[in-house]
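Trainee: What follows is each chain in one-letter form.
Protein chains: 2
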Amino acid sequence: MVVGIFGGGQLGRMLALAGYPLGVRCRILDPSPDSSAGQVTEQIIGAYDDPNALARFIDGLDVATYEFEHVPLGAVHSVAERRAVFPPARAVEIVQDRLSQKAFLQNLGIPTAPFAPVGSRAELEQAAASVGLPAVLKTRFAGYDGKGQFILRKAEALDSGWSLLGQTPLILEASVPFQRELSLITVADKGGKVAFYPLVENHHPEHILKWTIAPAPACSPSLQSEAEECALKIIHALRYVGVLAIEFFQYEGRLIVNEIAPRVHNSGHWTLEGADTSQFENHLRAILGLPVGSTAMRGCALMINLIGDLDDATRWLAVPGAHLHLYGKKPRQGRKLGHVTLCAEHPKMLGARLEELRRLLPASIQLPERLDFG
Amino acid sequence: MVVGIFGGGQLGRMLALAGYPLGVRCRILDPSPDSSAGQVTEQIIGAYDDPNALARFIDGLDVATYEFEHVPLGAVHSVAERRAVFPPARAVEIVQDRLSQKAFLQNLGIPTAPFAPVGSRAELEQAAASVGLPAVLKTRFAGYDGKGQFILRKAEALDSGWSLLGQTPLILEASVPFQRELSLITVADKGGKVAFYPLVENHHPEHILKWTIAPAPACSPSLQSEAEECALKIIHALRYVGVLAIEFFQYEGRLIVNEIAPRVHNSGHWTLEGADTSQFENHLRAILGLPVGSTAMRGCALMINLIGDLDDATRWLAVPGAHLHLYGKKPRQGRKLGHVTLCAEHPKMLGARLEELRRLLPASIQLPERLDFG
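Protein chains in written order, with the numbering used here: chain A, 1 to 374; chain B, 1 to 374.
Quick caveat, the hints were computed from the structure, so don't treat them as lab data.
Quick reminder that beta carbons are idealized off the backbone N, C-alpha and C, glycines included.
One thing to keep in mind: the hints can contain errors.
To be verified - Here's a subset of chain A near chain B, in silico, CB distances under 7 Å, partners left out:
1) 23
2) 40
3) 174
4) 177
5) 290
6) 314
7) 324
8) 325
Unchecked claim - Okay, derived cross-link-like pairs now, DSS-like style, lysine-lysine, Cα gap no bigger than 30 Å in a straight line:
9) A:348 x B:348
10) A:190 x B:330
11) A:190 x B:329
12) B:190 x A:329
13) B:147 x B:210
14) B:329 x B:233
15) B:348 x A:193
16) A:336 x A:147
17) A:348 x B:193
Start from the sequences, fold in the hints, and give me the full structure.
Mentor: Structural data, given as structure tokens:
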């Protein structure tokens, strides 16, 4: 079986590595000749919308998928005409535009932060009035990890926000004074069966995921059900197949959807060691029509992103339960170069191992001050 | 870090896959252009003793290792002159000759079955008298999975045994009426620290490993200690670094060493999902001087070899806890094509999952009739 993946980042790499034991060969399409995924499997080096590259990409392919959602839609449709593509192209189309994503969620009755489209300076004024301040002005297209965002705390900031971002279509989203950020990784198979990993807690200081705690501490079964209901609505609406990630804000005991990602997700990396079947393997199983594996957790886990520089990462393997994943990427400020998953049978053991790890990690890597599983 | 591996079979493949997350790139040396490992990483296609192939093999290498022990010794020594090689060449040298292996164990005071060298028809007569019948006549060199073996039940069979195998140096080993076969996978780091996985129980109907139960049922702590003491003697005698596998017969409550393998081992495949750190990752960690990871088990596991043909292996993924590992090899009678590891939190759950799996597997795959954890 051959799976084509749009994008050659670390998500593609981990998909490719999960494929080999299943007898699945992944083929990457990515313009960068030294992509992370291309180091571990076949890569077509070419632009996503280059017809020659696409022709080579789909040759002999059983199914195509994505490891990032900003693939040119024309390329996705062109592949979808000749090969199965999962998740469905419609999912990618919706999430590429923050406005259509929010409208899609709203139409399904899924709670989101108040939002309004901003196409002009005048519309920004109206949006600020309707949504309220503080709010976040975001580019509708191609933003991630806090890029293309501007926080409007007061009305005086509208001019700065507009002059910074006003040249592209925008959306204004109310700032939700949330208690914490959670996410749900789900996997839907071709028969409509859906499996859920437990909700996890994510920490994004400086707008980039620094660590994930799995399972999210102090999560009631009703909160998990609330999250799963959101997921089911989205999956049914899109006839979704594959892994779907949903980011939530927890606010006054309820969940608000922040955004969705039609792919494997950074907040699911802990599943490699912390769950019976990883998100990567389950995504491949689902899109290939194979039975989806158990999503049950094994103990608890803390996933720590290694961003910017690595120091001597292999030293950290001395901590029991520490698993290292390097992506083969050159160090650069703000770049995700790898992650460590710290596993333990129970929260107390995880806390103790975190203290061991803290002594070895350089100060540049941000860690939770403590783990409170409540 | 670049690790060179002599041999491109499934063991090399699983080593290479374990390397990527650690930032380790493996390079295979194997004469076969469609080797199992060569499908997942760089391969030098060439004979093990071809100087040109060896020169390309060692270029930029940090350390070399083996995935099978019948590498030509000259090749190992030639690499060892220019690069670190672990496990030490001496270990390979000893195990290549069943006679030197048995003598080595005997000198360390490790119990083995009675044995005697056989270099002539007359020596066979003497050996049968000293060792006793029934006994197994084996080629001293290059035998595995029951190949090059002849069972002598009665004195009348000596002629047949001699005419079948007499053209090569032989060893006669007493047949031990053992209760069961066990094995121990250990890993020794460069600092002399040794970690042990639990003893597992192996089943070899028709002289080829069909399944492994981990941990071995009804194993006393003293049996585990006995096995670990044997391992430590071998490791210290050889200044051993890396994974070492020891196969035992359990006979009248004690352990007798059947043979040792200076490499990762089929009876350790369950560690991929069933232990905190797999034998493959730990072998790489050890030979690269990285900290060795926890060898603690997670629940219990049953590893089933897929031999000869695969049927539709992916169907079996429907059983919770079933993990599939295919080796990318063409089906052929008696060939190991992959394995399934069935994991569960406790023996009862494992037994129930085995019954589910039994209903899906073709009759050609041998399974335990039941799992009795005592």
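Trainee: Hint by hint, note whether the structure agrees.
Mentor: Hints, verified against the model:
| no. | hint | in the structure |
| --- | --- | --- |
| 1 | 23 | 4 Å, holds |
| 2 | 40 | 5 Å, holds |
| 3 | 174 | 40 Å, violated |
| 4 | 177 | 38 Å, violated |
| 5 | 290 | 5 Å, holds |
| 6 | 314 | 5 Å, holds |
| 7 | 324 | 6 Å, holds |
| 8 | 325 | 4 Å, holds |
| 9 | A:348 x B:348 | 28 Å, holds |
| 10 | A:190 x B:330 | 29 Å, holds |
| 11 | A:190 x B:329 | 28 Å, holds |
| 12 | B:190 x A:329 | 28 Å, holds |
| 13 | B:147 x B:210 | 16 Å, holds |
| 14 | B:329 x B:233 | 37 Å, violated |
| 15 | B:348 x A:193 | 27 Å, holds |
| 16 | A:336 x A:147 | 15 Å, holds |
| 17 | A:348 x B:193 | 27 Å, holds |
Going through the hint list in order, the structure does not satisfy hints 3, 4, 14.
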